[in-house]
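Enquirer: We have chain A; now place chains B and C onto it with these hints.
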Amino acid sequence: MSEVKEMKRTFIDEVREKLKSFGLPRLIITAFLLLMFIIAPFTGANFWVQITNVINRFSWNAVLVLAMVPMVHSGCGLNFGLPVGIIAGLLGATLSIEWGFTGPLSFVMAIVIATPFALLFGLAYGWLLNKIKGGEMMIATYVGFSVVSFFCMMWLVLPYKKPDMAWGFEGTGLRTTFPIDKYYGGVLSNFLRIQIGRLVIPTGALLFFALLALMIWAFLHTKTGTAMTAVGSNATFARAAGINVDRIRMLSVVMSTWLAAVGILVYEQGFGFVQLYNAPFNMALPAVSAILIGGATANKASITNVIIGTILFQGMVTMTPTVMNGLINLDISEVLRVIVSNGMILYALTRKTEATR
Amino acid sequence: MNNKNKTASSKLLNFLGNNAVPIMFIIIIALCIPISGFSSLFLLNEIVTRLSRNAFLILSLLIPIMAGMGLNFGMTLGAMAAEIALILTSDWQIWGIPGIVLAMIMSIPISIVLGLLCGKILNAAKGREMITSYIISFFMNGVYQLVVLYMMGSIIPIVHTTIKLPRGYGVRASVDLTRIRKALDNVLSVNVGGVIIPVLTLLIIALMCLIIVWFRRTKLGQDMRAVGLDMEVARAAGIDVERTRIISIVISTVLAGIGMVIYLQNMGDMATYSSHSQIGMFCIAALLVGGASVDKASIGNVFLGVILFHTMFILAPKAGAVIAGNEVIGEYFRVFVSYGVITIALVMYETKKRRAKAGMGAQLAAAQQEGER
Amino acid sequence: MRKWVFRIGAVALLVAIAACMMVIGRGHTIYFDNKKLEYEGQTCDTYRRINVFVNGEQVAKLSAKDRGMATFMGQKLSFDIEVTKEKGDDPVTYSYTVNVPYKEDGIILNLPGMIAGLPEEAYTSIFVPMVVEEEDAEEEIVIDEFGMSDGAEGEAAEP
Chain A
1 MSEVKEMKRT FIDEVREKLK SFGLPRLIIT AFLLLMFIIA PFTGANFWVQ
51 ITNVINRFSW NAVLVLAMVP MVHSGCGLNF GLPVGIIAGL LGATLSIEWG
101 FTGPLSFVMA IVIATPFALL FGLAYGWLLN KIKGGEMMIA TYVGFSVVSF
151 FCMMWLVLPY KKPDMAWGFE GTGLRTTFPI DKYYGGVLSN FLRIQIGRLV
201 IPTGALLFFA LLALMIWAFL HTKTGTAMTA VGSNATFARA AGINVDRIRM
251 LSVVMSTWLA AVGILVYEQG FGFVQLYNAP FNMALPAVSA ILIGGATANK
301 ASITNVIIGT ILFQGMVTMT PTVMNGLINL DISEVLRVIV SNGMILYALT
351 RKTEATR
Chain B
1 MNNKNKTASS KLLNFLGNNA VPIMFIIIIA LCIPISGFSS LFLLNEIVTR
51 LSRNAFLILS LLIPIMAGMG LNFGMTLGAM AAEIALILTS DWQIWGIPGI
101 VLAMIMSIPI SIVLGLLCGK ILNAAKGREM ITSYIISFFM NGVYQLVVLY
151 MMGSIIPIVH TTIKLPRGYG VRASVDLTRI RKALDNVLSV NVGGVIIPVL
201 TLLIIALMCL IIVWFRRTKL GQDMRAVGLD MEVARAAGID VERTRIISIV
251 ISTVLAGIGM VIYLQNMGDM ATYSSHSQIG MFCIAALLVG GASVDKASIG
301 NVFLGVILFH TMFILAPKAG AVIAGNEVIG EYFRVFVSYG VITIALVMYE
351 TKKRRAKAGM GAQLAAAQQE GER
Chain C
1 MRKWVFRIGA VALLVAIAAC MMVIGRGHTI YFDNKKLEYE GQTCDTYRRI
51 NVFVNGEQVA KLSAKDRGMA TFMGQKLSFD IEVTKEKGDD PVTYSYTVNV
101 PYKEDGIILN LPGMIAGLPE EAYTSIFVPM VVEEEDAEEE IVIDEFGMSD
151 GAEGEAAEP
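Chains as they are written, first to last, in the working numbering: chain A, 1 to 357; chain B, 1 to 373; chain C, 1 to 159.
Chain A extracted, bound-state conformation:
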């Protein structure tokens, strides 16, 4: 049977195969983005402003995308449960503000406070994922949703008092969105900020990401790190080599969760607002598709994938509206984003070579 099929394979099929391994969707997205950059000046949009936007958005989102890496490495699949870590980050953020920290200190304290929560959530989440090896992605999605919706209740019930965050009247519950100018808004972005004409570079935020990325990179080259990669590429083999698979997986989940917690704080300092309640629902899919656009697969991801993916994804998100609006006065960027990002995830899921387990 298979021999006959082999024979029938034509030249076109082979070309298609090659393009596929090269990553056709990635190619299209890169070409699309380049096209956007070329068209942008003709639509009246300033080139440097566009570049600034892309860099800015990159600096907000890169850490969240980085949070995918450990779990992908250990074979836990794409971290659709990103919201679990985000919630830990939000707890850190709100508690840091509640306890009266301001300015850059509030950012540091937010990370410090978020850490135990991230560890705790990560351990529980990792324990669960170890129970259900093979079905991680679907369950991760719903664990994320469950946690977010549980905290929807908590944000209302927990006794937060700080008037900047809580509803003024009755004093019950936190606001859905509140500004953090007085706290850690822009602490990283404004640190060592470079401005050349209309080009603004949020150096601090980029450095912070570089630091975390370096840490992850270094970690992946330690003994534990290579063990993690081994678990991800072949769990049976790793077990035979005497690696405690469950512990390594657990560690990767904790790391991912912590990175997600830090990631949301970095996002907030750039965005300037804290978003609670339903907001974390929407945060997993963009991060997942960003790292896939960057060339990662369900069980292989590198720091380069994170950087390229975030630039491409955020570039697409920021460039399309301006260009589309300037060009045909029709903003289909939102729809385009939904189609492209989910299409990318679908593409990754349907590639036969990559099994999740």
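No lab work stands behind these hints: they were computed from the structure.
One thing to keep in mind: the hints can contain errors.
[Claimed, not checked] For lysine-lysine, the following PhoX-like pairs were computed, each having C-alpha atoms within a straight-line distance of at most 25 Å:
| no. | chain 1 | residue 1 | chain 2 | residue 2 |
| --- | --- | --- | --- | --- |
| 1 | B | K296 | A | K133 |
| 2 | C | K3 | B | K219 |
| 3 | B | K164 | A | K131 |
| 4 | B | K164 | C | K76 |
| 5 | A | K131 | B | K296 |
[Said to hold, decoys possible] Cβ-to-Cβ under 10 Å is the rule here; a few derived chain A residues that face chain B:
| no. | residue |
| --- | --- |
| 6 | F42 |
| 7 | A140 |
| 8 | S146 |
| 9 | L285 |
Nothing here was measured: the structure is a model prediction, and the numbers come from that model.
Backbone N, C-alpha and C fix where the C-beta goes; we use that ideal spot for every residue, glycine too.
Expert: The following block gives chains B and C in isolation, referenced to the frame of chain A:
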């Protein structure tokens, strides 16, 4: 061997374990009813309404489960097809029962195309059908928006300004379905002691149940069960596995489309850009609450699920208001419960699958040892 | 072969049903005017009261200068009107059947003109809905990836 020394108490424990979710729901509901202070007449009316509204949609989930493809999150595709059909029939001003029938018929070809697509993709992602169908639903939601928000009114003619956005293309966020509102429900509806029973809708649902029972016994239905049990064995038996799986998804999508028309005619109003996205989640949660699992679901699960899940849905906000003094908490609570139930069901399914796998491995090892001796 | 005949038959049946539904389900609105009408020098004055019945059910009760309406499905509507010319007069009953073109959503019938026996084009006119001035600010469409607005499912259902 173990079966023999199973005592009554372990049987009971087993029963409780297998039906944990419905039992939990019955307890929640039993606690909430007195707190909420709703009259039983009101509750009964609501339950009957919601049963007639949702049951058909949930029935559409049964066939992919039979074919071993898990919970079909892609049922939203059918819902989208129904919404496109309803936008068009509303614009053409086809009212009443004819409007409903026309919308159902029009949804079928769209559903078939979407179902074929979905089935093809799922065949390329065997073993992770659920997450894939879940992402497909988002992906197609983007395509749906492209069609409804940009192509309707510009490429697809839309005449009425009540449907079209003021900018000249795109459909408004909400489409008024007053003209077909409850048209189906009101036919033959009877009032039994204050409870209004939409007899025709319930008859249609009953008919669908019969069709599903019949379908299970047909050649195709048997094939699907075989594929659901073990794809490789089915393939060896000469069943075209891929085709069977695609058909199961197509049937599910078509039924979801028809179910969505029934759902929306009862609502009498359509949230163009969000009606479908919630429907998948709620239907799946309801089915699981009824005691179904990812690989096994019966018609009984559907009805028990609708009743329990929706009773909780009605009670939660009021109970939240009484307990915590805040109705919003109740609303968040029911969303939490919906997600929680799905999570628990998925976890239970995966652990069971793993255990079965481990058991099989042990058996294989034992057999091998026997052979070696 | 038989399979295909069966399939084509099923599709044809569905198309036929759909076509049938489109004809019998087409909804129209008819507006009844009790207003003064001038047509080629002929003046038809308003009536003191006109009651409109469709299938024996009263759908409009018109004093002078009033407008009433009725909705129906299909392209043909039969209705009865009960006319009182002056106060104290005995009401006179007329029966009419009008055809509404498929493509029109609504037509206006001038009842005094109809009663006077004027030709069809004199008393019927196409209803043109008033264009409601809408602010340019577009209706906000939230494309919510998760559509998780709270309790959206239950909202519309509450009585």
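Enquirer: State the violated hints by number, sorted upward, taking the hints as numbered earlier in the document.
Expert: When the structure is compared with the hints, numbers 3, 4, 6 turn out to be violated.
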